[in-house]
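Quick mapping for you: the protein sequence lines, in order, are chains A, B, C and D. Mapped onto our numbering, the consecutive letters of the first sequence carry residue numbers 1 to 293. Mapped onto our numbering, the consecutive letters of the second sequence carry residue numbers 1001 to 1210. Mapped onto our numbering, the consecutive letters of the third sequence carry residue numbers 2001 to 2396. Mapped onto our numbering, the consecutive letters of the fourth sequence carry residue numbers 3001 to 3266.
Since the hints were derived computationally from the structure, they do not count as laboratory data. Take these hints with a grain of salt, some might be off.
[Said to hold, decoys possible] Computed cross-link-like contacts, BS3-like style, restricted to lysine-lysine with a CA-CA straight-line distance of at most 30 Å:
no.: 1; chain 1: A; residue 1: K110; chain 2: A; residue 2: K86
no.: 2; chain 1: A; residue 1: K210; chain 2: D; residue 2: K3100
no.: 3; chain 1: D; residue 1: K3094; chain 2: B; residue 2: K1088
no.: 4; chain 1: A; residue 1: K87; chain 2: C; residue 2: K2196
no.: 5; chain 1: D; residue 1: K3100; chain 2: B; residue 2: K1024
no.: 6; chain 1: A; residue 1: K86; chain 2: A; residue 2: K155
no.: 7; chain 1: B; residue 1: K1024; chain 2: C; residue 2: K2196
no.: 8; chain 1: C; residue 1: K2171; chain 2: A; residue 2: K86
no.: 9; chain 1: D; residue 1: K3055; chain 2: A; residue 2: K173
no.: 10; chain 1: D; residue 1: K3055; chain 2: C; residue 2: K2196
no.: 11; chain 1: A; residue 1: K155; chain 2: A; residue 2: K87
no.: 12; chain 1: C; residue 1: K2177; chain 2: C; residue 2: K2196
no.: 13; chain 1: C; residue 1: K2196; chain 2: A; residue 2: K164
no.: 14; chain 1: D; residue 1: K3094; chain 2: A; residue 2: K164
no.: 15; chain 1: D; residue 1: K3100; chain 2: C; residue 2: K2196
no.: 16; chain 1: C; residue 1: K2196; chain 2: B; residue 2: K1156
no.: 17; chain 1: A; residue 1: K87; chain 2: A; residue 2: K173
no.: 18; chain 1: A; residue 1: K86; chain 2: A; residue 2: K164
no.: 19; chain 1: D; residue 1: K3094; chain 2: B; residue 2: K1024
no.: 20; chain 1: A; residue 1: K164; chain 2: A; residue 2: K246
no.: 21; chain 1: C; residue 1: K2171; chain 2: B; residue 2: K1156
no.: 22; chain 1: A; residue 1: K210; chain 2: C; residue 2: K2177
no.: 23; chain 1: A; residue 1: K290; chain 2: A; residue 2: K87
no.: 24; chain 1: C; residue 1: K2088; chain 2: A; residue 2: K173
no.: 25; chain 1: D; residue 1: K3100; chain 2: A; residue 2: K173
no.: 26; chain 1: A; residue 1: K210; chain 2: D; residue 2: K3055
[As the list claims (entries may be wrong)] Listing some non-contacts, in silico: residues in chain D with all C-beta distances to chain A over 10 Å:
no.: 27; residue: F3022
no.: 28; residue: V3085
no.: 29; residue: V3120
no.: 30; residue: Q3127
no.: 31; residue: R3169
In this text, a Cβ means the ideal position worked out from N, Cα and C, and glycines have one as well.
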Amino acid sequence: MAGFFERIVHLDRRWIFLLVLVSVATPIVIPIGLPVTTTGPTRAAFEFIEALHEGDVVLISFDYGPSSAPENDPMAEAVMRQCALKKLRFVVCALYALGGLGLANNVVAKIEGEFPNLRDGVDYVNLGYKDGAAAVMRHMGEDIAGAFPTDVHGKPTSEIPLMKGVHDLRQVKLVFTAATGLIGEWWITQVHPQVGIPVIIGPTAVSAPKYYAYLNSGQLVGMLGGMKGAAEYESLLRARYPELAKFYTTTRAFTATKGMDGQTVLHTVILLLLLLGNVAYFRQRRASAKARA
Amino acid sequence: MHPPEIGVWIAAFLTIACLTFLYKDNPFFRFAESLFAGVSLGYYVGIVLNQTLLPNLFAPMRENFGQNWDLVVPGLLGVLLYMRYAPKIGWVSRYALAIYVTYYIGLDFTRRIHGEVLPQLARAILPLSSLDRATFFSLVYVLGVFSVLVYFFFSKEQGPITRRISRLGIWFLMISFGAAFGFTVMGRVALLIGRLNFLILDWIYPTLGI
Amino acid sequence: MRLAAGLSLLALLVAAPIAVATPTGTLPPAPPEIPAPLSFTAVDRPGDSGDAILLTWQDPPGLPADAMIEIRRAQPPADEWAEVAEVKPGVGRHVDTTARDGNVYRYEIRVRSAATADSSGIAGAVGPPVVSDPAASHDNWFRFERTNSLIAVVLFIGIILGSIGVARSGKNIFIRKIAGLNALDEAIGRATEIGKKVMYIPGSASMDDIQSVASIAILGNVARATARYGADLDVPNKDPLTFASAREAVRAAYLAEGRPDLFREEMVNYVTYDQFAFTAAVSARMIRERPAAIFLIGYFFAESLILAETGQSVGAIQIAGQADPTQLPFFVATCDYTLIGEELYAASAYLTREPVLLGSVRGQDIAKAILIVLGILGIVAASFGVHGVADLFRTQ
Amino acid sequence: MNLEFGRVTLVILFAIVPIVGFFLGLRAPALRSRIPIFVGVFAGLIPILSMYVPKKFIAGPTGMSPRLDQWLIILAGFALLLGIVNVLQNNMRKISRREKGWPFSVVLLIGLFVTGGFGVYGGISGQGIGIAADGTPTPFQYVTNWFFQPLQSTIFSLLAFFMASAAFRAFRARNTEATILLVAAALIMMGRVPLLELLAVPIPSLQPAAASASQGLGKLTEWIMKTPNGAAQAGIIIGAALGAASMALRVILGIERGYLGLGKGE
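The shape of chain A in the complex, shown without the other chains:
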């Protein structure tokens, strides 16, 4: 037995890697469908958007790249669906250099397909990508058309019907940033102080803890923390709008809710490993103390 624990304490990490691979791959092939409990920051974000009025303008900023797409894509999709259902008008932009635009285009195309009534330029507009995130944000605070002279199709921003009456961020009711790194934080530390616009952030799980400080200080309205936050948002959305269920139950497409199955299994596996590691550690320590005595 002591030999077993000895081996566990110094376990080759490749066994752990194998375990991780198996426990994440299995639920993709065989889904479980576990329930999701919602948390305060996500509910705050959801209710804030719910309280907006028809015709209000929301800015959705794609501040992430393909590497965090499994986390951020479902957030952007969920918020856009909510805007479409509530008839909020949304302005899309991308400030992340490495593929933010491609992701924005994908998500917009997907939502266009789901809501055929949406009119480009009237109900939403895709302004495309602009380099120099912080400077662009500050510029948008003063003049959106100045920061983005044309939309993604090359149409002058000032001629787009939606942008009539939307000169700068002061006429926008909310910024939602799906973000992987610093850019999301700049919305809070630079744009929010500049124009006082409410900000909701959808950060990757890793940066989420940092934003609690901003939630506490009131600089942030709400937050969708990582894939769990996205899954929570999906479940809030499905509860409020049953007509959305069809987007969240197809077998081929990926949703954050499905991702949570793999998450749960792997979290369980890691916790069991922690338990095993500690039991082994104490057994071994006792054994070596005995040996010394």
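For this one, chain A is given, so just place chains B, C and D on it according to the hints.
Just chains B, C and D, lined up with the frame of chain A:
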């Protein structure tokens, strides 16, 4: 269902080659890693040229030189960076670096005090008068902020009281680190889910015709 | 279409006073009177960069339920009124950001009831207008709402410069032990003994982040130690400007130690600009070359754990350092020592013991002490029911 | 020619002064470091002033601070070539000396030239680097989609494995601090996912209890993240901000100048 296109096969091969690094270093990984280093650098050549230099430097100068004549200067400063390869006058590259660094550091300076120190302090000023759960939570918060700050005192030898407070600060730090670690596992698993989704849903299933 | 609406508006405007003057009964009932907004002013918006005029007013009592406030503007001497905005009641202010500096404007404000005929009986009836004094926008010299932040900045600069002055005058300054920095020499020494290299990664950020600047300062000290011991140094870089700085710093360190012969250009090398391509290449380098000591100091992002776990698996002594809290948990879990937060910035003072640097660390401590005292005073005041203490520190 | 005050000042400070400095520096070596530091003081003061002085010439949309921002984005663009030169030097050397693993240097250079070539072609031809006018991806986009992005995402996803191995090794209750770390991590991991529900799957009668316990755990997680974690983060942020601001001051004033390769008193 169409069989996956050649691009999917390339991506699948590179994905698996990278994953083999977990087992051990091997020629497939080394191939993928070298290719990645080259492709990524080439990628940024394309990105920087098309998304930074063309729209910010060349296009404005070509379209309206009168308004943008001053952009000659950053172009020249950019060239100065390469002067380090000229042995005698390598020192002129310092100008470019000094301007770049101090501008952003200046920007950072006010951002730290204006955007971080003051708002975070404002947040820690909480009334602790009533006896309820909210006050207890506020007290925990206040203790946390100030004990961590005490831990960061460098120039004063710790007395018995400050030593205890700073120990408390370390405990708060440990809670925070543990919590943040646990919180992050999710995000990382999400990435792996993304890759395995690709391998299973976009490559294996279509190849097998499922 | 718009012309027709305008004409009918005009007709209404003309008709309204007549309707009031006529005795009731002979004509259809008079429309409910629409009140005019009160205390309307138009002034330059204070504390901005110009091109904006601030309009303020008070909603009059007895507004129709669906009324809007209509704002128009004219440029004297011309008397053509152009619509600027229509806002909901209850706001009481509007900023006209379409104004241009150097122009003089007059603004007119009036209440417009609903445009549809069925809600109040009259289609788009408007109340009497109130016209402002002429106003012009200009840029200003100070943002008053940032007074608190300016005071803080000035105070901070004063404290730091004062402490540096005191330190320069020769006062001895104590600095507490920082374990990660004590281990630095030991790690380099061990690398020299077993003939393996020392790897120093100055983060993934460019020189626009101050953590990179701090890391380069520490790198200077590490390079001096490797020059002294004769250990091999390897500094792979992600950012080209950090790379340029790092090379200068290492070269200067070898020169300062009198060992320019040991300095090789390849010690500080560039890998690639992509975060993960960099990570893959450097991790692979760790596995292949098995450095004895690895320093991960600077601003790291998600790559932190891949680098540190790989470094751990090759058995290197690892010292990490980062001021931003996001990656600290991973460094704490995988590295032997971690410089946490402010420790990163105190490091160069600790390593060099230069009075100027020690003085500024002392200044930071004084600033912290003041913050703690202010915080506690604020909490006491807030607990005794003084409102708005925290607002003194909120910035805009 | 736009000769706004702010713009002309920028050109004088950051072009004329360096040019004069260059010629002076040829004769007086001491000025080779002093004038760059002097210029740096101004570059550092501009953004600080623009924070409080909203005058057009400094903080307006084309004022000194935003304009300098635009300048430096361009400067940073030039810097990439600095790195590329170094990569070429290092790999060419490996290839010419037939150092161990030199074929991989060939792979690297092919990747660099092909991808970079597509990017340059896209820029010069006006085709761009995204989707071409006919809706097909440009060659650059093709390489991005099927080479660059899968590689990037896969290396990123290695973190899932490393999280597990790091947690297993590091989270052991060796002492008080390590125990706190372990307990906090374990609690949060439990609270973040419907783990109790998963464990209750085989026993249906326990499921409601598991759900409510899970809800409670979720609340606890939220509290830990918000209160003790939020407090520690705020403490780190405040301390680090003071350290950063003090360092910034030293850099702007030219006291700290290791980043220029200048030691004390050089």
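Violating hint indices (sorted, rising):
2, 4, 8, 10, 13, 14, 16, 20, 23, 25, 26, 31
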